[in-house]
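**Student:** Sequences are here, hints too, so could you generate the full structure?
Each chain, written out:
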Amino acid sequence: MEEILQKSQLSIEKSRPGCRGVRFEKAPQPASVYLDKKFLRTKSPQLPEISEFETVRHFTRLSQLNYSLDAQFYPLGSCTMKYNPKAYDTLSTLPGFTAAHPFAPESAVQGTLEVMYRLQELLKSITGLAAFTVQPAAGAHGELTGILTARAYHAARGDHQRTEVIVPDTAHGTNPATANMAGCTVINIKSAADGCVDKKALQAALSEKTMAVMLTVPNTVGLFEKDIREIADMVHAAGALLYMDGANFNALIGLAKPADFGVDIMHLNVHKTFAAPHGGGGPGAGPVGASAEVAPFLPAPQVSVKEGRYTLQGKFDKSIGKMKAFYGNIAVLVRGYCYLRQFDAKTLPAIAENAILNANYVRQRLKGKFNAFFDCNCMHECVLSINPAEMNGIHTADVAKRLLDYGFYAPTIYFPLIVPEALMIEPTETENKAMLDAFITALEKIYDEIQTNPQVVHEAPHGLPVDKIDEVSAARQPNLHW
Amino acid sequence: MLRTVGVSSVKELLSQIPQELLYPALSLPAALSEQELTAHVKGLAAKNKPLVNFIGAGCYEHFIPAAVPALASRGEFLTAYTPYQAEASQGTLQTIYEFQSCICALLGMDVATASHYDGATALAEGVCAALRITGRKQVLIPAALHPHYKQVLHTYLHNMADVQIKEVPFKGNYALDMDALKQNLSSESSCFVLAQPNFFGGLEEAEEISALVHAAGALLVTLVNPLSLGILKSPAEYDTDIAVAEGQVLGNPMSFGGPGLGIMAAKKAYVRQLPGRMVGIAKDKQGRRSFVLTLQAREQHIRREKAASNICSNEALCALQAVIYLTLLGPQGLKEVAELNVSRAHELAVRLDALDGYEVKEMPFFNEFVLECKLPAWKVIEKMAEKGIAAGYALDKDFDGFEHRLLICATEMRTEADIANYVRAMEAI
Amino acid sequence: MYNQENCRFAATHEWAAKEGELAVVGISNHAQEEISDIVFVDLPKVGTQVKVGQNCCVIESVKSASEIYAPVSGEIVAVNEALNDDPALVNREPHAGGWLFKIKMANPAEMDALLDFAGYQATIQK
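Residue numbers (my numbering), protein chains in the order written: chain D, 1 to 482; chain C, 1 to 429; chain X, 1 to 126.
Hints are all accurate, no fakes.
Heads up, simulated DSBU-like pairs for lysine-lysine below, C-alpha to C-alpha not over 35 Å straight-line:
1. D/K199 - X/K63
2. C/K306 - X/K45
3. C/K47 - C/K374
4. C/K361 - C/K182
5. D/K315 - C/K397
6. C/K383 - C/K49
7. D/K199 - C/K11
8. D/K200 - D/K257
9. C/K11 - D/K257
Worth flagging that the hints you see were computed from the coordinates, not collected in a lab.
**Tutor:** Put into structure tokens, the structure is as follows:
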């Protein structure tokens, strides 16, 4: 692309006074007839003034500067970037759904309520848990919901001294941040040498002050906690609850039910496991499920069915209340519902099976050049570790940026924290062998470059609309608006 | 592939999972093909009955120009990931920067975040920021605040040691009781939440409230309707410290209330106290202007338990729809649509007030007002629904003694014919 | 100014230099190298009471947030305002212009519990 086309202007820089894209009919009366001028603004806000055509050009050209899942492979560990079926976009935006008001008479919104109910039931089915709320707007929101629910559960039993939440050092940053937001003390425990929970450390940390233990299963190094039943027993023996972060559920869906191995509360990510698109950073949806004992404390309301009618009415007096203004990110939930309806008991397990096979294939093919930190079979994601001393001073960040030059989005980097120079790869089940082979070939080429021409890797990316960005100056003198 | 991995079946890769738990019985309905799924879900959507909508109460029906969904649904935006790898995400990053800029321009504030889940959670997080900034323990809110927003605030603040939420009552015409505000403000007050308009649609005496709040050393947290700012004074003009809003009104459909779009903006001094993502301008190696997520050291992936908030995913696509909407309308389009809202709602209010047994109290409002009816509100809603009209929101479940009061909204989507029909239908009850 | 040979050090990489009743506090050269480009220093408020070992300040880079612990107990009587506009000063002059804050010591004997330069060097050599 030529320099001229590459330069992207801000919409405000293209503005011409008096220009605009959309007109409305003139109001019969100006606002000043009805409202005292003390309420009215005197200066126009500095919004862009461009035509509709210019607006369309502007945003279309911006979209072309993006990598996106529709166009590029995204091996992002813990993000489950699987194909987002187009049918679900169409169906979630049907006028029947988009025109529904949350306070409309229930008889007028039976369709949406039915989708919410059926999704609740499907999630109960595949996790084994007794109840689900579809209210949380994202995974982290689901985590907060779960921990607040746990807190309410203990409080109802008079157990007010339970204020500690145990979190392994492999946890995603949202876990301890959530516990802190819920007013709890975070107890971090070091993982064992094999990357799994250190049972001794867990036992030492458990006490009558423990509210919950938050675990990601499989964990963030891509391994299933083989002692999960024992761990669950330990947690329960201490009188605490086991919370499962469902970010990695793509490795378990259809293969095992979290309720079966002792999970009391969990959240799921519709924008990960259930194929809803990431949207550049949301909206997501983070439904939360709970065991029968804990369910009464979940946020209200949940959809139930009474005499063939779906309703949000019910008794929720033990509930923690509301987590957001309305009932959930409905448009996202419809997509999740659509996804689950395209599988049955026989075909659902194939999702996880293929996700796991793909991750192990990549791990095995890269052996000898880029090695996994733990030399064993992984689940749906593998964590590689780079040693700069053996790689001519090249760090994980450099490899990630160089992959962009090869037309792949970079894997997750520098997470989990217990793996130095981590590179976490999650191919998902929707990529075929040809794509995996292409990705592996790119990494092999980068390996060769590291040996013969490390500078080109160190200074990557080279072929993108912009080169390496100076984040330091951006943070020292933040410029956050025009 | 199995050979490369060195196993004869995938089952061998599942050896870590307790074998007695593997492949549990799943109770699921038959799998649907795309065609069957389409028919099934269309059938579900058809079970939602379209009523002519006069309900607001925090979720509003506005006109969405076709260019908004056309642009936002492009795969490059829809299926993009969070823009951590900035060089590969300049499209998304620039749209967020433009969104932040438009919000700052509209609200008059110095800094804005990339978005929060919705107005209620943005308010909760804004209040938490005020608590952190002042170090004080009391939060004052108007009784005339959206009941669901109150609930969310309680849920979020419930576990904070010693934090109290106190409601300041409203007068007969739904305006804030200034004397009560004066009495409640003290050196313990971290902030007062000004809802402008308030839950009943009414516009408050913002300047007077701001002066009282600041005199007590507290922060002013204002909850606004962004679309109304096409004609109404911006919160910055009455010295708001933290402004929050529900951005669904800007180019996003109602969708039964979700997803929403939480907006948060503040004075420059508070930027590092704000939770959530922010995009800033940076230079690349060649000196070219580019965009990048900045001030990340505030966020959960770096601060973990010390982060102000756990927020990770937000509502990026909804924010994209909002910035496209604002770009299409510009200041003039936004003024026009806001004026239409005022006009339609006031026309309806005047004609309903003229009916026997119906009254609209005297209070300035934007596009929502309370109608006191001769019949109980639930009866009015039922009768109007029979005529294909969603008449409004019944206030009795949230406010004692309000059995006969209905909260009614008329946006630019309600034509003069819709309004005439409403009045006629109400007369006939 | 605050010659590293004359400073006392905490194992957590803060240095303290005696200035009459006050302890001037900063971070070691080793620490600023590890953190690399500093983008923001979240200084404590003047008047805050701190106990030895208490977290009272945070130094941010683009990718990290490092906690700074008070090497001695007392009251924060001054902070280095220059860092608000130029946080990189800590990188350039960790032992001079990049000082962080000054504590009016509650217990001057606490200085003796800190390491001397050689002792500190030994801990980071490990």
